[in-house]
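Novice: Chains as they are written, first to last, in our numbering: chain A, 3 to 373; chain B, 3 to 373.
These are computed hints drawn from the structure, not numbers from a lab. In this text the structure is predicted, and so the values were computed from the model without any measurement. If a hint is listed, it holds; no wrong ones were tucked in.
No copy is singled out in the list; a pair is fine if it fits within one copy or between any two copies.
Below are the DMTMM-like pairs computed for lysine to aspartate or glutamate, each with C-alpha atoms no more than 25 Å apart in a straight line:
1) LYS223 - ASP39
2) LYS38 - GLU249
3) LYS321 - GLU249
4) LYS50 - ASP39
5) LYS283 - ASP362
6) LYS283 - ASP227
7) LYS50 - ASP94
8) LYS223 - ASP200
9) LYS50 - ASP355
Protein chains: 2
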Amino acid sequence: MRRNQFSKVSRGSILVGAALAGVLGTAAGAPAQALKDVQTSDTPLILKAQGSFFVGGDKVEQTRTEVGDLAPGGHIAVNQMYVRYMVPQGGDGNVPVVMVHGATLTGKSWETTPDGRMGWDEYFVRKGHSVYVPDQVGRGRSGFNQAVFNNVRAGSTPPASQPVWLRFSDESVWPNFRFGLTPGQPFSDSQFPVTAVDELAKQAVPDVSFGGLPTPNPTLKALSDLAGQLNGAVLMGHSQSGVFPLESALLNPAAAKGLVLVEPGSCPARYTPEQIATLAKVPILVVFGDHRDTPTGLPTLPTWQARFEACQALIGRIKDAGGQAEMLNPPDRGIRGNSHMIMQDKNNLQIADSILQWIDERVSKRSGANK
Amino acid sequence: MRRNQFSKVSRGSILVGAALAGVLGTAAGAPAQALKDVQTSDTPLILKAQGSFFVGGDKVEQTRTEVGDLAPGGHIAVNQMYVRYMVPQGGDGNVPVVMVHGATLTGKSWETTPDGRMGWDEYFVRKGHSVYVPDQVGRGRSGFNQAVFNNVRAGSTPPASQPVWLRFSDESVWPNFRFGLTPGQPFSDSQFPVTAVDELAKQAVPDVSFGGLPTPNPTLKALSDLAGQLNGAVLMGHSQSGVFPLESALLNPAAAKGLVLVEPGSCPARYTPEQIATLAKVPILVVFGDHRDTPTGLPTLPTWQARFEACQALIGRIKDAGGQAEMLNPPDRGIRGNSHMIMQDKNNLQIADSILQWIDERVSKRSGANK
Numbered sequence: 003m004r005r006n007q008f009s010k011v012s013r014g015s016i017l018v019g020a021a022l023a024g025v026l027g028t029a030a031g032a033p034a035q036a037l038k039d040v041q042t043s044d045t046p047l048i049l050k051a052q053g054s055f056f057v058g059g060d061k062v063e064q065t066r067t068e069v070g071d072l073a074p075g076g077h078i079a080v081n082q083m084y085v086r087y088m089v090p091q092g093g094d095g096n097v098p099v100v101m102v103h104g105a106t107l108t109g110k111s112w113e114t115t116p117d118g119r120m121g122w123d124e125y126f127v128r129k130g131h132s133v134y135v136p137d138q139v140g141r142g143r144s145g146f147n148q149a150v151f152n153n154v155r156a157g158s159t160p161p162a163s164q165p166v167w168l169r170f171s172d173e174s175v176w177p178n179f180r181f182g183l184t185p186g187q188p189f190s191d192s193q194f195p196v197t198a199v200d201e202l203a204k205q206a207v208p209d210v211s212f213g214g215l216p217t218p219n220p221t222l223k224a225l226s227d228l229a230g231q232l233n234g235a236v237l238m239g240h241s242q243s244g245v246f247p248l249e250s251a252l253l254n255p256a257a258a259k260g261l262v263l264v265e266p267g268s269c270p271a272r273y274t275p276e277q278i279a280t281l282a283k284v285p286i287l288v289v290f291g292d293h294r295d296t297p298t299g300l301p302t303l304p305t306w307q308a309r310f311e312a313c314q315a316l317i318g319r320i321k322d323a324g325g326q327a328e329m330l331n332p333p334d335r336g337i338r339g340n341s342h343m344i345m346q347d348k349n350n351l352q353i354a355d356s357i358l359q360w361i362d363e364r365v366s367k368r369s370g371a372n373k
Numbered sequence: 003m004r005r006n007q008f009s010k011v012s013r014g015s016i017l018v019g020a021a022l023a024g025v026l027g028t029a030a031g032a033p034a035q036a037l038k039d040v041q042t043s044d045t046p047l048i049l050k051a052q053g054s055f056f057v058g059g060d061k062v063e064q065t066r067t068e069v070g071d072l073a074p075g076g077h078i079a080v081n082q083m084y085v086r087y088m089v090p091q092g093g094d095g096n097v098p099v100v101m102v103h104g105a106t107l108t109g110k111s112w113e114t115t116p117d118g119r120m121g122w123d124e125y126f127v128r129k130g131h132s133v134y135v136p137d138q139v140g141r142g143r144s145g146f147n148q149a150v151f152n153n154v155r156a157g158s159t160p161p162a163s164q165p166v167w168l169r170f171s172d173e174s175v176w177p178n179f180r181f182g183l184t185p186g187q188p189f190s191d192s193q194f195p196v197t198a199v200d201e202l203a204k205q206a207v208p209d210v211s212f213g214g215l216p217t218p219n220p221t222l223k224a225l226s227d228l229a230g231q232l233n234g235a236v237l238m239g240h241s242q243s244g245v246f247p248l249e250s251a252l253l254n255p256a257a258a259k260g261l262v263l264v265e266p267g268s269c270p271a272r273y274t275p276e277q278i279a280t281l282a283k284v285p286i287l288v289v290f291g292d293h294r295d296t297p298t299g300l301p302t303l304p305t306w307q308a309r310f311e312a313c314q315a316l317i318g319r320i321k322d323a324g325g326q327a328e329m330l331n332p333p334d335r336g337i338r339g340n341s342h343m344i345m346q347d348k349n350n351l352q353i354a355d356s357i358l359q360w361i362d363e364r365v366s367k368r369s370g371a372n373k
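Whenever a hint applies, use it, and build me the whole structure from the sequences.
Specialist: Right, here's the structure in full:
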């Protein structure tokens, strides 16, 4: 039954929760306190390689004021994308997976969970896939272009010319990430490790991408270039970056072996028939959690149920064009309580197994890879 | 001879370059272009564990404007320190090593070199030590407190109240990091992989620590807390953070098993006799590169030779108090051309071997650990 689940998921009739329960992560009962709660696996992780590198980047010339007035002005790098990677021993021939984080977050999203369990980065490696985890341009180890901030500080540019830095407060995160309606009151079936929610709060960094990046966002080309350098990859995005795999595939369709949109912030209706025809050549999986009708407290943004429905509509357009686009909706399988941070939920490895199975069936067998 | 080199290094008479030449990294001849130049080891990396977590952090309440005006204000986390770690299989009992980066950089400093060779993070793991690589508070995946920037943007705070973001241009980096006097003209014996210098430029991120962090810098307590959580660690700092191991040891001397100051920006003369007596209980190694008399183009800052001499003076005070503080000065051993980014130099593993040998002799044997 599990073998063919993805061909039937749109009918919403298959309950595989029980079959997958064996891979459920163990919920931590106590609040996470950094290192002491980090769990260690029973078996070692054997890597052929690990490390980091950059994709893209531009060299620009800036004034002494723009570089901070301690040292002379000159040329600096901007718009580069940092990528950390792990390559498993014995995984040759398996399709690599690129995991991109969402708004106000970094690649940390995919690493050790807030309560100290294994993240999807290591789990996918243990399942034989090379994993590449970027920080979006403008965030984390990718850095950002600081010139306008230093110009504003020096009085040479008006304050309003400086872009906003976005953060989400706990009061926003609880309903918007669908842990519960208000902080400290989780849904009774919540899969998020809410006892460790303060560790999630530490993962947040200021996000300059709402007006502080070039157009188009350099991360899009960096992702398609990375997929090309890898000779093809599965591109996985989350939330803000949920749409990035689609955009990167349109830039370089041949390198996009599969697209996984995890709780995407949008599934655009604007794509032309030509663009839909391109996307129809790439296997696409959309993944959502539960409690999508929660009032988010963000009236200017669509609800998660509205985003889910927009993705269903996009899936429909792609299928009508002959493509293989599918929805992974855990409640259809009897799996309840998943949050927006589904890669960190207590059943994160159960969800990962479903995605890995989809990669196996829809991407690897299609491209002739071993796995 | 190698066994006792550190007991004689202050006499500057031992040439171990030839003996260590076998571990020299291979210089890459071509410019690094991201992924394609990343080298893979012949043997797999076997990890007992890897992942990431945070140390420290404060929860503060901010206004809607301060969190970016998209979502309601409320509580966010600030001042946390991100830490990525790798634990080798079979390394139980060996002292962990914490590697902290310098100004305008992140933990990336210790990872894959700009020309694609193995970084010190993986090399120390392969030598049996758990390695913990933080991003300083205010940088990279640790994030920063964005409130004042959003307040300035909104007009509620004067522009001058916003801290400066520091970057170093290529024109500053070449003399200050001692690759050569001017960009594109390396010293004839330079150990830095200058063909890949543009990849180093991509490692740089804006640095808010010149006025934009609480006092004292939260990274200091986070490092001493991390050392405590590890039941003792070697603390290694570089450049800006070269002094951090000293400061963290003063906060929690019992957890500081050894201090390695790599090209420290300062070796303070201000320490009291009581503080010197505390530091005299901890093995300390200071590491500098070559070409220290290079004019840096930064007249407000001491030359690297002046910093070297300040460290010699501090070593003298600690030794006079009965401590074991030592200088690793490669030119004394006939090793020429090392730069400020010595952990990325072409002979980075040769330098690492000297540090590992010092840890073996001065830290591990002292504490009764296996290695």
